[in-house]
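Undergrad: Residue strings, one per chain:
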Amino acid sequence: DAGITQSPRHKVTETGTPVTLRCHQTENHRYMYWYRQDPGHGLRLIHYSYGVKDTDKGEVSDGYSVSRSKTEDFLLTLESATSSQTSVYFCAISVKGPGSPLHFGNGTRLTVT
Amino acid sequence: RKEVEQDPGPFNVPEGATVAFNCTYSNSASQSFFWYRQDCRKEPKLLMSVYSSGNEDGRFTAQLNRASQYISLLIRDSKLSDSATYLCVVNRMDSSYKLIFGSGTRLLVRP
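Which chain is which? The protein sequence lines are A and B, in order.
Going by this note's numbering, the first sequence opens with residue 602, and the numbers climb by one from there.
Going by this note's numbering, the second sequence opens with residue 251, and the numbers climb by one from there.
One chain only, chain A, in its complex shape (with noise of 0.2 Å):
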């Protein structure tokens, strides 16, 4: 176990409002990300943090923003939810840097109506 947990683990939203996720880890690992999964793309980087307010975008950022003031918090923002960002997000960690293993919080399914 990571010790990594996501808040909400189920959201609807309306179409238009903000929505932040929440990911929070115990063990102080520095890099964090967020994906999304969708049926037939697998696996997608949104945004990731090596660090507090280090933060890079991944290959599906726009509509998503990030922020990382704490070591242990990493919140992605949905700024304007659309029905194309209903979809299960995952936050993870790597224990050992870029390119080893990452570690999966049971992730946020998220409705945008």
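If you are wondering where the hints come from, they were derived from the structure by calculation, not from laboratory data.
Everything numeric in this text was worked out from a predicted model, so none of it was measured.
By construction, the Cβ of each residue, glycine as well, lies at the ideal position given by its N, Cα and C atoms.
Mixed in with the good hints, there may be bad ones.
Stated by the list, open to error - Not the full set, but computed from the structure, chain A residues with beta-carbon under 7 Å of chain B:
1) Gly643
2) Leu644
3) Phe691
4) Gly700
5) Pro702
6) Phe705
7) Asn707
8) Gly708
Using the hints, position chain B against chain A.
TA: For chain B alone, kept in the frame of chain A given last:
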């Protein structure tokens, strides 16, 4: 072309069967390879890393073929509990060393 490609399956096999999955990758410079397992509505979990010389973990054997740019996963003596989706993962050889996930191969083991 996707960076990492897998046959989505499903592979439907009887208990006790041997089953193999392949995964192809496009970046010949990739250095890190992994297999993950994902149960329905759960998070992916690392099954095993894949080493150049091939490696085995109990009933599971992983192999890497750099010349043909694919990795494989062999499961012997399949159990009902092996039913899951198996994700192939390859690192992207740029400054970020980000991991790229395949869409997964679904395995169903029947009694």
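Undergrad: All hints, please: hold or fail.
TA: To see whether the hints hold, each was checked on the structure:
1. Checking A:Gly643 against chain B by beta carbon gives a least distance of about 4 Å; that is within 7 Å, so the hint holds.
2. Taking 7 Å as the C-beta cut-off, the interface hint given for A:Leu644 holds, the closest approach to chain B being about 4 Å.
3. For A:Phe691, the shortest C-beta to C-beta distance to chain B is roughly 6 Å, which falls under 7 Å, so the interface hint holds.
4. Nearest Cβ of chain B to the Cβ of A:Gly700: about 4 Å, under the 7 Å cut. The hint holds.
5. Below 7 Å, beta-carbon pairs count as interface contacts, and A:Pro702 has one with chain B at about 5 Å; its hint therefore holds.
6. A cut of 7 Å between beta carbons decides the hint on A:Phe705: the least distance to chain B is about 4 Å, and the hint holds.
7. Interface restraint check for A:Asn707: the shortest CB-CB distance to chain B comes to about 5 Å, inside 7 Å, so the restraint holds.
8. Here the hint on A:Gly708 is kept, as its CB sits about 5 Å from the closest CB of chain B, short of 7 Å.
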